[in-house]
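For reference, the chains in residue letters:
Protein chains: 2
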Amino acid sequence: MKKALLLSILACGLCWGQVADDSQPASTNIVGQEYPRVHSDLRVTFRLSAPDAQKVQVRLGKVYDMEKGADGVWSVTLPPQVVGFHYYYLIVDGVQVDDPASETFYGVGRESSGIEIPEQGVDYYSVNDVPHGEVRSTRYFSKITGQWRRCFVYTPPGYDANRKARYPVLYLLPGYGEDDRGWFTQGRADLILDNLIAAKKAKPMLMVTDNQFSALKPGEQPLILRGRGPGSGGRGPGGGGPPPNFGNYGATFTEVMLTDLIPMIESTYRAIPRRDARAMAGLSMGGMQTFLTTLAHLDKFAYIGGFSPGLPQAKIEEIYKDPAAFNKQVKVLFIGTGTVERDANPNILRLHEALEKAGIKHVYFESPGTAHEWLTWRRDLNDFAPRLFR
Amino acid sequence: MKKALLLSILACGLCWGQVADDSQPASTNIVGQEYPRVHSDLRVTFRLSAPDAQKVQVRLGKVYDMEKGADGVWSVTLPPQVVGFHYYYLIVDGVQVDDPASETFYGVGRESSGIEIPEQGVDYYSVNDVPHGEVRSTRYFSKITGQWRRCFVYTPPGYDANRKARYPVLYLLPGYGEDDRGWFTQGRADLILDNLIAAKKAKPMLMVTDNQFSALKPGEQPLILRGRGPGSGGRGPGGGGPPPNFGNYGATFTEVMLTDLIPMIESTYRAIPRRDARAMAGLSMGGMQTFLTTLAHLDKFAYIGGFSPGLPQAKIEEIYKDPAAFNKQVKVLFIGTGTVERDANPNILRLHEALEKAGIKHVYFESPGTAHEWLTWRRDLNDFAPRLFR
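Residue numbers (my numbering), protein chains in the order written: chain B, 1 to 390; chain Y, 1 to 390.
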């Protein structure tokens with residue numbers, strides 16, 4: 001009994017010691033907000049003042065009940081979390097809402113709270129003491145859609161100063177429910193390239209993000225995946241709901257890219273207008289879009305990346321028709337998956353095995369311990385970008 | 001009686017006709033979201049599915065109760081709203097949260113829902129068929145804070161093509177609880193300049209936004225205005241709570257601007273490095289910062305703008321010391337206010353009267369029908385920018 005009490009006191013002391021001593025506000029918090037806090041063992045404590053609510057929960061992957069204190073403040077400490085970036089929500093009497101203490105990130109078809117769980121000893125997506133490029137928000141008129149569109153263009157360090165240099169271009173797409181902002185706000189793609197270029201691991205390049213889901217001709221409706229759209233509470237592809245219907249997905253954006261975006265980039269920026277200076281990659285449905293666009297236009301692209309990609313089977317079959325020709329034409333075919341998502345759905349692993357069997361040169365990349373999530377895709381980009389334009 | 005009944009039927013018929021026929025999803029909604037909807041008479045209908053909630057309200061200036069339908073969907077139609085951009089929130093069982101259907105905007109010290117109420121016949125902040133500049137996200141190292149900082153740089157149309165042109169610079173600051181993003185996401189400053197430049201009403205210029213609140217030396221704490229910080233539920237300066245304590249506000253950012261930001265801009269961009277090519281303006285506490293910085297360094301700035309500014313009285317007194325010298329040195333001193341905020345607190349009007357009396361040349365601008373809010377500041381910028389660099 002005495003021993004149990006002592007242990008209990010020690011445990012409690014340790015617990016409070018950790019809260020007081022080694023937990024830190026998440027880097028994704030609004031400035032000045034103390035919660036959520038990440039502990040050194042990667043447990044996370046959430047808080048919300050809600051004296052009048054009947055039930056408050058937090059959804060971070062799973063749903064956890066919060067407990068109400070005498071002061072009307074609800075709180076819970078979650079077990080250690082996987083490193084990287086995760087969307088999360090609070091659930092107040094059944095309504096899934098953002099945590100007022102968090103920055104928001106457009107993902108899952110809505111603005112979502114997000115939390116960065118720090119990865120010890122890893123700084124390839126941090127703001128380091130290296131030269132930094134710019135991320136430019138650029139408007140261009142699309143003849144295909146008849147509307148002004150926005151894209152983001154990363155220009156590498158020294159772009160403005162080195163007036164004679166011309167650069168290859170990586171076109172990079174987000175997944176369903178995300179947009180052209182995601183690769184920078186969630187993906188930290190600019191920092192990944194800054195750090196790779198500073199270490200001379202990647203060639204200086206332009207990187208363009210766009211939003212394939214907003215590429216709509218007059219009368220075309222935006223793609224809403226059944227059970228996965230805004231308000232569905234789903235976590236995007238990989239979440240619940242009936243199987244998706246991709247319909248005509250990809251066709252209009254391919255036209256926009258070839259007719260509007262690439263010509264704009266190559267006339268506005270000092271881009272090298274050659275197929276061996278063009279790469280395209282995307283995550284999830286952005287990977288599907290990448291296959292649809294590049295495999296139909298191999299005369300325009302020499303580098304292809306699918307990061308946890310959706311697989312448009314009919315288009316992918318074309319790869320196998322003439323392996324020797326494909327190997328000669330495509331300088332890098334890269335496919336990646338997180339091991340956690342691989343264990344749930346090994347379709348990328350199966351593609352790797354089929355490509356291997358058919359003698360198609362490619363890179364198969366696995367991100368250890370991660371699911372269908374941004375750390376998988378940061379790692380994909382960090383492995384893919386150094387292989388480009390060699 | 002008969003007449004009253006007839007009027008009532010007509011009014012109701014009109015009302016329902018409008019709901020069905022002429023309401024539109026707000027332009028600030030997440031793509032694909034039908035609610036909130038703005039009616040042609042500027043009433044606004046909000047909806048939220050919350051079957052388990054006891055009470056749901058919407059706060060848009062005032063707080064309005066929503067009514068629960070049999071399907072668990074709560075809704076309310078608000079009376080006609082003032083045109084322009086407004087922050088708003090849903091209140092679910094007492095917790096003020098963002099509407100999952102809305103884009104979010106960093107303001108009031110948190111990510112907030114926002115709704116754009118369209119202004120008929122006004123397109124100076126719309127995406128028009130004109131040449132568009134770029135908005136560049138740029139990192140720079142601050143010797144004053146010892147940290148990397150971010151700012152945004154608007155480069156006017158043709159900046160990259162006209163390699164020999166050099167440009168004057170407008171430094172533009174946000175208010176309390178906002179940051180360097182606000183002037184673009186809420187203020188549409190890039191579109192205002194695109195349109196003014198296309199109409200040859202404003203000279204092509206660079207425009208730089210930064211975040212004075214994050215300029216902290218090691219050990220300095222961020223400014224949290226009592227009763228107005230994150231979670232206070234206030235609407236920023238002008239809201240409730242005890243009087244603010246501005247303390248040492250402004251001093252560190254002035255150092256950052258003079259030591260780090262301006263030298264970076266003038267060495268990285270093709271800026272004209274002269275006082276008559278430098279303007280500084282800001283809204284609310286950004287206006288206060290502008291007075292603190294420019295009035296202490298009139299050798300560095302020739303154009304000064306305070307948009308609903310906070311007034312640092314001691315610093316402003318210096319203007320009156322030598323009106324003739326001030327009139328000679330300062331090319332434009334601009335102060336603006338919304339008539340609704342003026343009626344609540346006429347401090348800017350009083351400043352105008354005092355300047356007038358002292359013979360200080362200045363522009364006094366009133367935004368009709370608006371409060372301490374973004375439409376006031378869009379109008380300020382639209383009036384101020386054409387006066388610059390003449």
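For the record, the hints were derived by calculation from the structure and aren't laboratory data. Mixed in with the good hints, there may be bad ones.
Identical copies carry no separate label here, and so any pair may be met within one copy or between two of them.
Simulated pairs of lysine to aspartate or glutamate, EDC-like, Cα-Cα distance not exceeding 20 Å [what the hints assert, rightly or not]:
(1) LYS55 <-> GLU266
(2) LYS300 <-> ASP276
(3) LYS143 <-> ASP129
(4) LYS217 <-> ASP129
(5) LYS328 <-> ASP123
(6) LYS68 <-> ASP52
Status of each hint after checking the structure:
1. Proximity of LYS55 to GLU266 under the C-alpha cut-off of 20 Å is found in neither arrangement, the shortest distances being 54 Å within a copy and 55 Å between copies.
2. In this assembly of identical chains, LYS300 and ASP276 lie within 20 Å of each other by CA distance solely inside one copy; the values are 8 Å within and 49 Å between copies.
3. For the identical chains of this complex, LYS143 and ASP129 are inter-copy neighbours only, at 13 Å across copies versus 42 Å inside a copy, given an alpha-carbon limit of 20 Å.
4. With identical chains, the CA atoms of LYS217 and ASP129 are at most 20 Å apart between copies only, with a shortest distance of 18 Å across copies and 44 Å within one.
5. When the C-alpha separation of LYS328 and ASP123 is checked against a cutoff of 20 Å, the pair qualifies neither within a copy, at 36 Å, nor between copies, at 52 Å.
6. Taking the closest pair of Cα atoms, LYS68 and ASP52 come within 20 Å of each other both inside a single copy (10 Å) and across two copies (18 Å).
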